[in-house]
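Using the sequences and the hints given, assemble the complete structure.
As numbered in my numbering, residues -1 to 598 make up the sequence shown, in order.
It is possible that part of the hints are untrue.
Unchecked claim - Label pairs and their in silico Cβ distance ranges:
no., residue 1, residue 2, range
1, E391, A537, 53 to 61 Å
2, P361, A63, 45 to 53 Å
3, E86, T214, 54 to 62 Å
4, R80, K561, 35 to 43 Å
5, D444, E391, 51 to 59 Å
Claimed, not checked - Within a straight-line C-alpha distance of at most 30 Å, the following computed DSSO-like cross-link-like pairs (lysine-lysine) qualify:
no., residue 1, residue 2
6, K561, K499
7, K390, K155
8, K352, K430
Treat the hints as calculated values from the structure; they're not laboratory data. Even for Gly, the Cβ is constructed at its ideal location relative to N, Cα and C.
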Amino acid sequence: MNMPDPQAMASAWMAQMTDPSAWQALFRPAPLDTSPVASLLKDAGATIPQQALESLRNDYLQKAAGLWQEFLSGKTPALADRRFAAPEWLSNPMSAFSAASYLLNAEFLTAMANAVEAGPREHQKIRFAVQQMVDAMSPANFLATNPEAQQKLIETKGESLTRGLSNMLSDMQKGRISLSDESAFEVGRNVATTPGQVVFENHLFQLIQYSPATPTVRQVPLLMMPPCINKFYILDLQPENSVVRYAVEQGNTVFLVSWRNPDASLGGTTWDDYVETGAIKAIAVTRAISGSDKVNAFGFCVGGTIMSTALAVLAARGEQPAASLTLLTTLLDFDDTGVLEVFIDETQVKMREKALAKGGLMPGRDLATTFSSLRPNDLVWNYVQSNYLKGKEPPPFDLLYWNSDSTNLPGPMFCWYLRNTYLENSLKEPGKLTVAGSPVNLGAIDAPVFVYGSREDHIVPWKASYASMHLLNPGKAGANRFVLGASGHIAGVINPASKNKRSYWTNDPAPVAAPAATPVKGKGKARARVEVEPESSAAIPPAEQWFDGATEHVGSWWPEWAKFLAANGGKDVSAPEQLGSADFQPIEPAPGRYVKVRAD
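Next up, the structure:
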């Protein structure tokens, strides 16, 4: 097998970097075929200051020369990157040099992207695109430059390559990379198994009521609204990591919305439909079945945006059905949307509107590809290397099985969501939007709020989650509570209390004692004590200030949420002996049939 010539690699790069004309051609606006990076800069209309360019050039030349000298002297370079942690990379000098050269080049390209002069949005797009190039260029992604895959090929006498090709062909038929052993799971058999019944359905969702697990339950039911961009069972994976089961075991009567996976018949569904026919209808049915005027409302990710919009619409109609509101990794203020911002600008939104605003579907496969591109090394290249180059089968993993179970979105709903939230950030402005015939003012929702963010979340940055604290319950800061969990968008949320893993942060205002009674002059009596609710008068600090004063706790944040629900759950009543009601008879066992429909 022909291995790359390290001297030729070094010579090519050194020649390019030492030739001023080649250097300038690489970075100045140039013909589109000069290089991917040059094309990217040209398209973005971006430039790199000459001084920064020279500094990058000199730094690169110095490090490249040092690396080359190490190679000639037989010194093995350090490879501080987990993609090259296997011993095969260091045991072969040429492979080690290949990896080290790649890391140096990646460092240079990343520094170049950071040095670009452009607006914040354009700068982020350039960094994102360059990172995609950098990740794709890794020698670990190609059989000819991956010594682990080559060793596997030798050990298996070619069988690993045969299996790898078979895996690749199978995935090509699926239209996606297999992240988990999908034969190991089945919805309703070993994921989404919490007992319950579907007690209502319409063309948009099924409502599940879960069987009680305690003799008594709190009077106020919990209504859970998962994102419609993914299926609900991320909240009900397996018994040991199920948010739903945990909530039931804490003595809550739990209802949950299972969104339908849209097909062509739902291609004209709007955001108004998701709010009115979805969330508001679910609230009404939950209240009717439970006999409670109030519900503990819950929303996860986009489900939180839908639930909050619904409660604001109801507030405009004079209704306040929420005893409390829980928002997990939810955006209400879309000022900081993290890396997703690179996919959303006026041009891209107009393109989507032209194709879908009047009807049609946004395929779940396209959405899955977008989210995978946010973490390409973890969700793309890692599996290219393992499944295809090494011929391995991916192990069973419930979370990644769920991640591959895509959902479509109705075009009109998707386009409204992109424009009015991500692009124009109108949801946070009181009265700017009208949904289901009513003006939306999030500040009109009258309920205590539990807001959760994940510290390493790349989809909903934690400070963006925290921004909801400023929108909800204005003037009543004590009605809002924020908890920050470790890890990312999904792993931070799915952190079972029983595992005692990771950590979370809280920064609750300390109680302020009421003023001491003081004698009134000449009368020998004490002044009346002034009762103050300190938490109501405390201002909500900026996110960084909140974190600087926060306390880290080992373990799951779930018990903090359980206490919040208990405080807003009303009195204990006997658990219902039957699910549903006379008007809403059980239709089928949980998890229902809607969740089993696959987009592919």
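Outcome of the hint check:
no., hint, verdict
1, E391 / A537: 53 to 61 Å, "holds (55 Å)"
2, P361 / A63: 45 to 53 Å, "holds (49 Å)"
3, E86 / T214: 54 to 62 Å, "holds (60 Å)"
4, R80 / K561: 35 to 43 Å, "holds (38 Å)"
5, D444 / E391: 51 to 59 Å, "holds (53 Å)"
6, K561 / K499, "holds (19 Å)"
7, K390 / K155, "holds (15 Å)"
8, K352 / K430, "holds (24 Å)"
Checked against the numbered hints given earlier, the structure satisfies every one of them.
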